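Engineer: Residue numbers (the working numbering), protein chains in the order written: chain X, 40 to 521; chain R, 72 to 736; chain B, 2 to 229.
The set of hints was computed from the structure by calculation and includes no laboratory data. Bear in mind the structure is a predicted one, so any value in this text is a computation, not a measurement. Heads up, some of the hints might be wrong.
Unchecked claim - In silico EDC-like cross-links for lysine to aspartate or glutamate, where the CA-CA straight-line distance does not exceed 16 Å:
{"no.": "1", "chain 1": "R", "residue 1": "Lys237", "chain 2": "R", "residue 2": "Asp306"}
{"no.": "2", "chain 1": "X", "residue 1": "Lys409", "chain 2": "R", "residue 2": "Glu227"}
{"no.": "3", "chain 1": "X", "residue 1": "Lys402", "chain 2": "X", "residue 2": "Asp336"}
{"no.": "4", "chain 1": "X", "residue 1": "Lys480", "chain 2": "R", "residue 2": "Glu227"}
{"no.": "5", "chain 1": "B", "residue 1": "Lys8", "chain 2": "B", "residue 2": "Glu138"}
{"no.": "6", "chain 1": "X", "residue 1": "Lys402", "chain 2": "X", "residue 2": "Asp115"}
{"no.": "7", "chain 1": "X", "residue 1": "Lys409", "chain 2": "R", "residue 2": "Glu179"}
{"no.": "8", "chain 1": "R", "residue 1": "Lys127", "chain 2": "R", "residue 2": "Asp148"}
{"no.": "9", "chain 1": "R", "residue 1": "Lys273", "chain 2": "R", "residue 2": "Asp375"}
{"no.": "10", "chain 1": "R", "residue 1": "Lys678", "chain 2": "R", "residue 2": "Glu688"}
{"no.": "11", "chain 1": "R", "residue 1": "Lys273", "chain 2": "R", "residue 2": "Asp341"}
{"no.": "12", "chain 1": "X", "residue 1": "Lys204", "chain 2": "R", "residue 2": "Asp687"}
{"no.": "13", "chain 1": "X", "residue 1": "Lys90", "chain 2": "X", "residue 2": "Asp115"}
{"no.": "14", "chain 1": "R", "residue 1": "Lys237", "chain 2": "R", "residue 2": "Asp302"}
{"no.": "15", "chain 1": "X", "residue 1": "Lys480", "chain 2": "R", "residue 2": "Glu179"}
{"no.": "16", "chain 1": "R", "residue 1": "Lys450", "chain 2": "R", "residue 2": "Asp375"}
{"no.": "17", "chain 1": "X", "residue 1": "Lys480", "chain 2": "R", "residue 2": "Asp228"}
{"no.": "18", "chain 1": "X", "residue 1": "Lys447", "chain 2": "X", "residue 2": "Asp336"}
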Amino acid sequence: MHAMVAAVIGVPIAGAVLCLAVRDKASKYIAVLATAVAAAYASAIAAAQSKVTVVFGGLPWLGEGAAKALFGYQVDPLASIMLLAATIIGLVTAIYSFGYVSVGNREHSTSSGQARYFFWLMLFVASMCGIALSPNLLQLLIFWEMTTLCSWALISFYDNEESLKAGMKALIMTSFGGLFFIGGLVWVFSATKSMGFDALALMTPTARAWAFVLFLIAAWAKSAQLPFHTWLPDAMAAPTPISAYLHAASMVKAGVFLVARLLLAGWHLPYDAALLLVVAALVTMFSALYFYFFQSDAKRLLAFSTIAQLGYIMLGLGIGSMGADLATRGAVLHILMHAFAKTLLFLSIGVVAYTQGTRELTKLSGLAAKAPVAAFGFFVGAFALSGVPPLPCFWSKLYMLSGALQLKGSFGPVILVLVMLESLATFGWFLYVGQRIFYGKPANEDPCGIPLSMNAILIALILATILVPIAGIPIAAQIVGL
Amino acid sequence: MFQSNVEITFLVLVVGALISGMSRSWRTAGWVAAVFVGAATVLCWIDVVNVLVGSKTIHHTILHLPLFGTSLAVDLDPLGAGFLLLTIAITFLATIYSIGYMGGEVTEKPLRFYTPLLLFAAGMIGVVSVQDWLAFFLFWELMTLASYVLVVFNREDPVVQRAGLKYFIMTHVASAGLLIAALVLWLKTGSFSFGEQATALKSSTDWLRNTLLALYFLAFATKSGVFPFGDWLPDAYPAAPSGVSAILSGVAGKLGAYGVLRVFWQMMGDSLTRAELMTWGVVIAVFGTVSAFVGGVTAMRENDFKRQLAFSSIGQTGYIYLALGIGIALLRSERLEPIAQLALLGAGFHILNDAVYKSLLFMSAGSVLYSTGTRDLNKVGGLAAVMPWAAAAAFVGVLSLSGLPPTNGFASKWVIYQSSISAGLEFAPFLIMAIVAFFAGLSTFAYSLKFFYGTAFLGTPSAEREPKRLPRTMTIAQVVLAAICVIVGMVPATAVKLVSSAFQLDNHALYRISSYGALSTQPHIHPLAAYWNPVGLAIALGVCVLFAEFIRTVGRPGKREVPNWYCGEEHVEHEVRFRAQDFYSAFNEIFAKVYPRLPAPRLPGVKKLRSVLDFDEWLYQPITASGRRIITKISRSHAGVPQLYIIWQIAGMGIVLAILLFTIR
Amino acid sequence: MTEISPKLVHTLSLIMVLTSFAAVEARNLRHATVAYLCQALLICGLLAVYSIENTALLYWAVTALVTKAVLVPAFLWRSTEGVPNESRSLIGFGTSSIVAILVLALMYVFTHAHARFFVQSGTYQAATPSTLLSIAETNLAVAFTVFVLGLYAILTRRDAIKTVIGLCLLENGVHLSLVSLAPTIRETALAGISTEVVVTVWLLLYIIGGIRDKFGTTDTSKLSELHW
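Work out the full structure: start from the sequences and follow the hints.
Structural biologist: In structure tokens form, the structure reads like this:
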């Protein structure tokens, strides 16, 4: 297990360093290789289905006790889910970038900088794996800030004013949230002399709730939840594969992962805090939904859908912390399911932007004949996202909704109806947008050459999206809530 | 490995979907698909015969899903088998029809047609052969998804896009209700099976039970296109390729009725209270009556013949729901139980008949469309000369639709009228419904005449385009369906037996059946016992016709041919045709408001809410802007003169020193 | 072991005041460089004298000879090649002389009145010989004056080269006070060597050379374009 964990984090880092050493051309091969190795090991870890916590060392000056055991790793179903998402989507992103970050791209022709691109991408993969495997808050914080850094660098990749601004915005807003993380960490540590996820259990219920709220604010900022959601749509200035990775498997997922980690550490969240979590998630979901209808840029639309879907995860965790086990499982499962569906959507839109040079919905039309794989991918992704059975998100939402119904009183049915409404509206709007982009008369007669690597990975991803519930559900089923 | 033909059928259809999708030639793909669907039909029918004739149910588990406390199982009972029979047969004929229909000037790949078509069939088979809500829901959605892909086949057309969008969204929203109901009951029992969920539903509170029943009803009514839930239908049916329209209207829509039968009769018939049964029955019947009326009246107004047929589907669904409603309302009532059974029989019979003649008519409409390239009734005419067989089949279809003897349409409507009038004598509202339905039946006759006689087949040909001849496959499918219409109409007893065995009704309790197919109502149903002998009537009519011909031959009336006189003006012949839009104008003026097209609603306060939710605009941007302003002000002190900086430094140093000295003391 | 001659030290340090005044006031940059070179030699001499008390200071003296008396003047010489005259200063010769004399006088009075406070609050304990104490009083006055003259040069001379010279004067003042306050301990040498500014001077002159190439002047008041 040591070796596998080391490989999952170490290989991408090594790849990143190697990327800097070699020229642009070779970097993409290194990236694909390194992420493939990481994905293989992550799958092996997930397949092993073990629950291990290993700690190697700590910071002696922090004092006795728990502070001595700070660095190590923790493998459990939650970590497995996150690892799978981070590495497999990382691999997909790397392969897709193979063709996307090139001169042939009509939206952003890129001739240099691949080494820089893949360096940050792989560092990103490694940081996400680090987050997944962190055994305590301190180590998680370190990798957490690393992801902030990586996303900043990648959002600003194109070096134009828009992307620089967007990168700065993301950096500022997420590190603002990070301050709350640090605050929470300091509080928990000073109160309990421990940085473990279960340290909150040692605090009084009131203090615990407030400390949790601090972490929650950090998670909100990271996961682009209301009121910190505004950085995510702007971050669409990033190259599309990066947006896909940022949204689907990393960065924003770190926030919900933190909340999931804390809630699954075996302590009871006071009801008021859980209520806050649930209500904020609902507000986020519906605000994001509301913004769907004003987006003219396909990628911004996807950004708002990410915000809403992360709201789902938060909602599931909130319901779970009220005592409905199934909802927690659903939320964790949703991390993985949403990763695949969203990546598929992004990569399909990426193909559209690659060939048409624009993402404006008003300028796109009739692309199904030219880019059939992208069209199919978009629809599969949209259906998967909105929970059309038997595609991925249907199962996670099914779990969450059954969890909601486990709650006492009328709260559960209300949530059920709201979630259904949101899902259906999402479904309708994505269907509409998909038809608008892919159906109708073609907007122009330009031929479009789509690189083989992009089409191939799209087909693979479509298959993976259809099949991922088979892998995900058994893992999520092992998650035991309170 | 396989214990029933149903799962083999499913597999055959999925494999067929893949194989036919691989072909690049439409013709090859079509034949491959037809072979697979044909094989599926044969396989299914073996099971159907086992269930209906051998009266045994098929039940075995394929896959256990312990995570959800359920398992995927084939579970075919007589009701499901009856629908299975119909579904796969109509699908097979529609596939045959599509070989010719899609062989024309289609630029798309066959992958976009035959693959979803076969998956659609697979979904429908799945829906009727499971007894588990989760599986039901999965197949139901598969069906919806596949049919959506088929509806938007002509995806370049914005009208088609809108139709597909509306169709998918509306049915999807409705089926969400199914999922909610299934989940709620699952939490109570831990099982998705029909039986256990019915038990849970029975033990629920009144409020919850009726809410869930409403959800079921909504889902199924939307699928079958009951007014007003079926608002998608007039857009989606015309948009789809005609073979698909035939399936959609002929069988997919009927699965909504299947759902209603399943839930309100099979599942809950024994456990609901009489009052609840009555309420739900009346609700269903009222929706049915309204649909029948609206469909009939609106269809009369339409000049787009596929749209007209779509409205007619709404109307015919209305009849089915009327009968279903009466059947459910009177279920388990001591005295009127036979009437309930009669009504249910009528519903089932009409489902069968409507499936046959409606798919036939959609195929006829497709033939006209194929031949002339337009759906506008004003622009077509005189096609009987081009497609005599199809015209004859369409004639039979129109007679059936209008419910004229001796076709099957009359037979089932006769049963429905019988039951509704009998019920109406006991409970007056049903009588009103029966009268409305009767009126709708008349309008049905009127509009179908318009379609057939008025323009498409008879009359003078339009000069816009030289009509194409039909491929043989299209003609065959229509003729077969027309033959079924006539046969069932002539010998209704066989079909009644089939339906009653599917519904597990005792048909002998309802009818005395004579050896030549005549039906007479058992007197215990109602003293006004009726008798229907189509063969006899046909012979009588035949004799009349022969007699008329005899008089004509004997009388030798003088015959002269004179051109029409247009006040001396010279006209090209097709310009002075009697056009479709001139039919029934007075009638249409009266009912103009029955199915208005409403403008999209506008929501107030949309922009306001948007700016409130845009935190960038009123929170973050002001904060960053003021931050920037402050920083700019500070940076003014950065004058660019080194001496100044040094003074700052010295001053700073002085302050530090002062503090140090002060504190050290 | 010989005693330190207070007279010699006083003479050397008083000449330091003159040299620094010359380095500040000379309009010709090369002359100023030469004046600075003289001062560097003087401080090397002072260090050498103090090494009688503490041999470790000899290392510092040698280092200072290399850095202050050789490298820094050489750098200055090279960078003033072709531009002998400084740009006009903010304050003229007359005012400068008054300032210098005033500072020296004030500092002399101040150190002789309060030296004990500085001396005793440092590492310099009661064991210190009284001769060193009296030397320290004058030296401190000189060191302060040199320091203030350096600061004065930085603040009032517009020419960037003069700023560099001023910086060197600051350094010399600090070093002089350092060696006067704590001549007996070995760490003084270490502190002195490690605070050599030769690298800074080199960097500054390099930047100034760049500025001259870019703007054609080393007048700092004309460099406001550099600010953002």
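Engineer: To test your reading of the hints: which numbers does this structure violate?
Structural biologist: 6, 9, 18
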